[in-house]
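> The chain contents come next:
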Amino acid sequence: MPPLLSVDHHNGVPAYRQIMDQIKLQIATGLLASGAELPSTRALSAELTLNPMTVSKAYGLLEHDGVLERRRGQTLIVSERPAAARQTAKLDPLRRHLTGAAHLARQLDVSPAQAIKLFRELLDS
Amino acid sequence: MPITDTPLIATIAPLVLRNVTQRFGKHTALRDLSLEIPAGRIVGLLGRNGAGKTTLLNIASGMLLPTEGTCTTLGTPSGQLDTPQLTRLGLVQQEGRCLEWMTVRQHLDFNASFYPRWDRDLERRVIEALEVDPKRKIVQLSPGDRQKVGILLGVCHRPSLLLLDEPMSALDPVVRKRLLDFLLELLRDDGCTVVISSHILNDVEKIVDWIVALDAGEIVEDSAFDVLQESYAEWTLTSTNGALPTTFNEPFVINHQGDARQALLRVRTAEPDAAARFAVTHHAEILTRPLNLDEMFPLLTSQRKQKS
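As given, the protein sequences belong to chains A and B, one line each in that order.
Everything in the first sequence is counted per the numbering used here, starting at 1 for the first residue and increasing by one.
Everything in the second sequence is counted per the numbering used here, starting at 1 for the first residue and increasing by one.
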């Protein structure tokens with residue numbers, strides 16, 4: 001079952017980057033387990049109707065970063081990663097989402113204490 | 001350089017233009033233009049009307065001989081294209097001429113007889129996907145249906161180089177999506193090189209990996225699409241000291257509107273920390289947003305090439 005990825009071609013974010021971020025997120029949330037196989041470039045680009053260059057670039061960079069690795073030189077699988085790397089992988093997407101919220105809080109002159117209280121409320125709901 | 005899992009296709013570039021100038025009487029349509037398109041690329045050819053896109057494609061296909069300079073298509077001078085190259089070349093023109101008296105079926109069979117690699121299975125699937133009635137006469141077809149026939153005649157022989165000039169302007173969104181899917185399939189299965197000129201930028205940005213932009217007969221952009229996506233941005237500035245300048249001198253600022261307290265900038269820079277440094281310099285908070293191709297288009301196509 002190929003990973004369910006969704007690329008927005010119109011938001012200006014390069015498609016390869018969206019694929020990388022989504023694969024990393026699926027790994028961080030456990031949807032893609034360590035050792036899980038990924039489909040070939042050709043298969044994934046056919047499945048998601050993407051330019052194969054896009055998938056190729058995403059896979060290449062994920063392999064370069066150690067997020068994916070090749071088993072027996074052919075199949076791409078999710079790497080087993082040390083705890084510290086897994087923790088960073090969880091916090092990175094969250095940090096990206098919160099950057100805009102922090103900016104808005106500053107603009108609205110909402111104090112850090114107030115903002116944290118709000119965030120805590122949302123986490124508990 | 002990251003290793004990719006697609007094999008390197010070591011072939012000669014299917015399209016090379018060197019110092020091409022094209023004049024029509026007093027009008028210069030292309031000026032000293034050089035371009036090399038390697039195999040397996042999907043290139044979006046963009047430009048305002050009259051920028052030279054159709055002229056470029058007509059030179060590439062050998063329909064037009066350049067006034068100056070050379071064009072090499074599929075390894076052969078474009079003026080000398082013969083059967084071995086023409087059977088590997090696919091052309092979908094903006095206003096293609098067809099044999100009006102034939103039915104679609106007759107025209108397909110007629111064209112198929114010239115191409116050893118005509119794929120009847122692909123033909124059947126494209127007819128179905130584009131919703132073409134093969135029994136109708138060409139002369140009776142609407143502009144949209146004529147475009148569909150043009151596409152069929154351009155792709156069914158599985159070309160190595162496919163040139164499309166506004167191939168889908170009259171097609172509805174459902175049919176356009178199916179066409180784009182077929183183009184990707186040709187790329188995946190055959191490593192076909194595609195050059196598509198289209199004003200439907202929403203469609204173009206779904207499939208291309210490279211952008212060539214023309215402005216008044218000159219190439220003003222010849223870059224990977226994702227590099228452009230990562231370079232262009234809109235910056236929303238909120239001043240922390242109420243004193244934003246009236247103009248920004250940084251060369252990467254393309255345009256700007258706003259006042260002393262807030263500003264909206266369009267920028268082009270590949271430096272990852274440009275925004276952070278800018279924020280410090282101008283005492284502002286910055287929110288950045290990438291631009292889509294519609295937003296990039298006016299910025300791309302109005303660049304003037306710097307003459308040294």
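Derived by calculation from the structure, the hints in this document are not laboratory data.
Among the clues, some could well be false.
[To be verified] Calculated from the model, a selection of chain A residues having no Cβ within reach of chain B, i.e. all distances over 10 Å:
1. Leu5
2. Ser6
3. Ala15
4. Thr29
5. Ala46
6. Leu50
7. Thr54
8. Lys57
9. Ile77
10. Asp92
11. Arg95
12. Gly100
13. Arg106
14. Gln107
15. Pro112
16. Ser125
[What the hints assert, rightly or not] Below 16 Å or equal to it, Euclidean Cα-Cα: the simulated EDC-like pairs (lysine to aspartate or glutamate) are:
17. B:Lys177 <-> A:Glu47
18. B:Lys137 <-> B:Asp119
19. B:Lys177 <-> B:Asp109
20. A:Lys90 <-> A:Glu80
21. B:Lys177 <-> A:Asp8
[What the hints assert, rightly or not] Facing chain B, from chain A, some residues (calculated, C-beta under 7 Å):
22. Ser34
23. Leu38
24. Asn51
25. His103
We put the beta carbon where it would ideally sit given N, CA and C, even for glycine.
> Is the straight-line distance between the alpha-carbon of lysine 90 (chain A) and that of glutamate 80 (chain A) 16 Å or less?
Roughly 15 Å between the alpha carbons, so the hint for lysine 90 (chain A) and glutamate 80 (chain A) holds.
> Are the Cα positions of lysine 177 (chain B) and aspartate 8 (chain A) separated by 16 Å at most?
Distance of about 14 Å is within 16 Å: holds.
> At 10 Å, judged by beta carbons, does threonine 54 (chain A) keep clear of chain B as stated?
violated, 7 Å
> At 10 Å, judged by beta carbons, does arginine 106 (chain A) keep clear of chain B as stated?
Incorrect as stated: the minimum Cβ-Cβ distance to chain B is 6 Å, not above 10 Å.
> Could you let me know if the closest chain B CB is still more than 10 Å away from the CB of glutamine 107 (chain A)?
Violated, because the least Cβ-Cβ distance between glutamine 107 (chain A) and chain B comes to about 6 Å, which does not exceed 10 Å.
> Regarding the assertion that serine 6 (chain A) does not contact chain B, is the least Cβ-Cβ distance greater than 10 Å?
About 13 Å separates serine 6 (chain A) from the closest Cβ of chain B, which puts it past 10 Å; holds.
> What's the verdict on lysine 177 (chain B) and glutamate 47 (chain A), does the C-alpha distance respect the 16 Å limit or exceed it?
holds, 15 Å
> Would you check the hint for lysine 137 (chain B) and aspartate 119 (chain B), treating anything up to 16 Å between C-alpha atoms as holding?
This hinted pair is violated, its Cα atoms lying about 22 Å apart.
> Classify the label on glycine 100 (chain A) as holds or violated, using whether its beta-carbon is more than 10 Å from each beta-carbon of chain B.
Violated, because the least Cβ-Cβ distance between glycine 100 (chain A) and chain B comes to about 7 Å, which does not exceed 10 Å.
> Does the no-contact call for alanine 15 (chain A) survive, Cβ to all of chain B over 10 Å?
Given that some Cβ of chain B is not farther than 10 Å from that of alanine 15 (chain A), nearest at about 7 Å, it is violated.
> Run the C-beta distances from alanine 46 (chain A) to all of chain B and say if the shortest one exceeds 10 Å.
With a cut-off of 10 Å, alanine 46 (chain A) comes too close to chain B, as the shortest Cβ separation is near 6 Å.
> How about asparagine 51 (chain A): closest beta carbon in chain B under 7 Å, or not?
holds, 5 Å
Comparing the model with each numbered hint stated earlier shows that hints 3, 5, 6, 7, 8, 12, 13, 14, 18, 19, 22, 23 do not hold.
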